[in-house]
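Trainee: Kindly generate the complete structure, drawing on both the sequences and the hints.
Chains as they are written, first to last, in full-length UniProt numbering: chain A, 1 to 94; chain B, 1 to 94; chain C, 1 to 94; chain D, 1 to 94; chain E, 1 to 94; chain F, 1 to 94; chain G, 1 to 94; chain H, 1 to 94; chain I, 1 to 94; chain J, 1 to 94.
For lysine to any residue, the following SDA-like pairs were computed, each having C-alpha atoms within a straight-line distance of at most 20 Å:
| no. | chain 1 | residue 1 | chain 2 | residue 2 |
| --- | --- | --- | --- | --- |
| 1 | F | 28 | E | 88 |
| 2 | I | 6 | J | 41 |
| 3 | C | 6 | D | 6 |
| 4 | C | 6 | D | 79 |
| 5 | I | 6 | G | 49 |
| 6 | A | 6 | B | 41 |
| 7 | G | 6 | G | 34 |
| 8 | B | 6 | A | 86 |
| 9 | I | 6 | J | 90 |
| 10 | B | 6 | B | 62 |
| 11 | G | 6 | H | 86 |
These are computed hints drawn from the structure, not numbers from a lab.
10 protein chains.
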Amino acid sequence: MLFAVKMDVNIPNDLDPELRAETIATEKAYSQQLQRDGEWVHIWRVVGQYSNLSIFDVRDNERLHEILWNLPLFPYMSVEVTPLAQHPSDIAAG
Amino acid sequence: MLFAVKMDVNIPNDLDPELRAETIATEKAYSQQLQRDGEWVHIWRVVGQYSNLSIFDVRDNERLHEILWNLPLFPYMSVEVTPLAQHPSDIAAG
Amino acid sequence: MLFAVKMDVNIPNDLDPELRAETIATEKAYSQQLQRDGEWVHIWRVVGQYSNLSIFDVRDNERLHEILWNLPLFPYMSVEVTPLAQHPSDIAAG
Amino acid sequence: MLFAVKMDVNIPNDLDPELRAETIATEKAYSQQLQRDGEWVHIWRVVGQYSNLSIFDVRDNERLHEILWNLPLFPYMSVEVTPLAQHPSDIAAG
Amino acid sequence: MLFAVKMDVNIPNDLDPELRAETIATEKAYSQQLQRDGEWVHIWRVVGQYSNLSIFDVRDNERLHEILWNLPLFPYMSVEVTPLAQHPSDIAAG
Amino acid sequence: MLFAVKMDVNIPNDLDPELRAETIATEKAYSQQLQRDGEWVHIWRVVGQYSNLSIFDVRDNERLHEILWNLPLFPYMSVEVTPLAQHPSDIAAG
Amino acid sequence: MLFAVKMDVNIPNDLDPELRAETIATEKAYSQQLQRDGEWVHIWRVVGQYSNLSIFDVRDNERLHEILWNLPLFPYMSVEVTPLAQHPSDIAAG
Amino acid sequence: MLFAVKMDVNIPNDLDPELRAETIATEKAYSQQLQRDGEWVHIWRVVGQYSNLSIFDVRDNERLHEILWNLPLFPYMSVEVTPLAQHPSDIAAG
Amino acid sequence: MLFAVKMDVNIPNDLDPELRAETIATEKAYSQQLQRDGEWVHIWRVVGQYSNLSIFDVRDNERLHEILWNLPLFPYMSVEVTPLAQHPSDIAAG
Amino acid sequence: MLFAVKMDVNIPNDLDPELRAETIATEKAYSQQLQRDGEWVHIWRVVGQYSNLSIFDVRDNERLHEILWNLPLFPYMSVEVTPLAQHPSDIAAG
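Mentor: As structure tokens, this is what we get:
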């Protein structure tokens, strides 16, 4: 089941630099594991923003929430979720 | 070069039904040709909306505008374009 | 899988009154069938609005889109979909 | 009398961790007591958000305000209240 | 139980003038009857707008919806409902 | 001359608790004096919000600004002022 | 008593051209009479908009509403009213 | 050349009180000098807001920016600039 | 004196096709004359929109309004004007 | 390939003054190098704002993001990117 998720990151300027670097590294590892598992199918940088647009392919709403809630940067993000379905013009629709 | 494009369709209720059906059919053929050409790489329906979220991979801004401007449904759409770049956490980034 | 859906209805004033009445009746029958089937679990009127707030329990995103797209009043609605998950404070969570 | 209430929680990052944990625990107990009492009839997590969508069934406006004002997390919430009524298509309407 | 209601009226310019006049007259009578009944406790014109701000004192949400839904100008209005409670600084609170 | 005023209060979480309590007490006394004087004719709590909706009956704009500017909580408020006039449907209009 | 008023004019494209010309002429005469009377103290065109920013000096709210409601272009306008007071830095404040 | 400028002031609550008082005094002197010079032609308080609406009559855009950028309160303001032109209904237009 | 102007065009679908074509042609000639005169210094298409972003270099506000008001497509446009000044980082600033 | 970029700068008031001055100086040098390189083709100050409107001419989206992400003031900016294409009325279009 597909979802588009826009994540805008806003880390406070006074966050401890070491904690900041560590959180960003953990976030990257977390994201890459989910990409390898096939649940986080796309991640793009939005040009000029500390933001990404991602596509998730997950079992259900519960699983998507679990993934997002546990993002290491979640406390510094605003997140927007858009449920997707197959488009009738998609050539993959057969 | 990648762009996310959100298209919201709003066909007037009083449009001639034949013209409506014909425009929607032409739109589908137009989209599918661009999908086969590799420029329109994803098209998803937004759940509960007469809208799609699409990803384009085009040569440049000029080409993206040419594609969108010539959409048969363009006169009935509002369109939002978001330029994308590779995300540092993307496993495809190597 | 649960979704909250807000539907705002805006039927044009110049719609043929017979067609209007018929569409509203078909909408009611359509909604009630889905309620009996257990997919449309709640429907509430928003006070002072030609709107409803509904809760759906469906198999997946595809099914939710199919239900909403085929609403007889869909061409006159604006629709907002919110995916829901179990809340950790819900006493039903055990 | 039914109300939909959307609560968005935004706990400051610099809140003392012990106070934070304690407040969240008190909030949970407070919510579950009202659920058992039948006044807080539904609570759902909004996917990807530190938010919930809840349905309250209360005596009147005064009681709803009393419940919300005394939420342990109230100082960190923004709250949106929507009064609901029975929908004519509700099969429970008889 | 008190509610503030803001009503913005937007009658289409091409409405039949007789129907327009009649609807406005019926609306006035409808409002004045509810004022005399004690349910529509205040009605003020918003300066420079075809709008009013009103205060209702009604039994419950159902009754408020019934009143608003049956406003002769309802099809031409956008309506915003705000539930009110007694303020602790109100000298009438004793 | 009548005005509706919506006041949203947002006291910073780190305000000294004693100052906070004192400011709220002064605000209450200030409001009640103006109520007794007949200038602050209504004050209602907005359900679920740290907000009030008030009606003022004052000599002129200057007086209204003087009252609002001197509210003890003014530095922590956002304020929205709506000038009102008599509505032609008001039964008090004679 | 001073008010700033922003008026945005949106005359429908299908309005009868004669009625359009006549309404604009009546509006001009109406405005100029009020300017000569000293109630409509400033009128400026907003650059690039079919809009004006005006300053009114009137007896009270009732009079301002009477002036605005009777504008010949009122049915085609959206109007925003801002009550003004003397600024403490105004050199005219003495 | 005329411009309307809306200035909303938001001085942080934790600003040193002496610096605060001094900045406000400097702002007043700065504004009054420009009023005497004929460049800052009107300044009004917006009722219920820490805001002013002002009219400037300046040589060009560069000069307006220079004036606004050097406002002592500029770091604490949000500013909105609207270019104005003579209105065809202005009786001063001859 | 420089201004950025964003123009969004929205020609009604039911406009007579001949009038439509003629208006667009007149608009083009009008724009190109002003470009040759050096007042309309840049015009860019906004990708995916029936919109342009333009830069004007004009004598004053009056002249900018005269140019915009007389655009053949003005009745079908919404227009947003932003006054510009020289930026201190501009290498042309010397 | 052209892009319009609006940058709004919001440096926290409590930033160390030396760091502030240094960051602004580095930003200026960074911008001027890119201007000399022909990638940052225009930079204008928005009148009355700590903002600029800029035009970039870059190889692709990746390069634009690289430029913006490395702006010394990027952590204190909100950035809005608009892809541009040649306008059919541009006299340079031949």
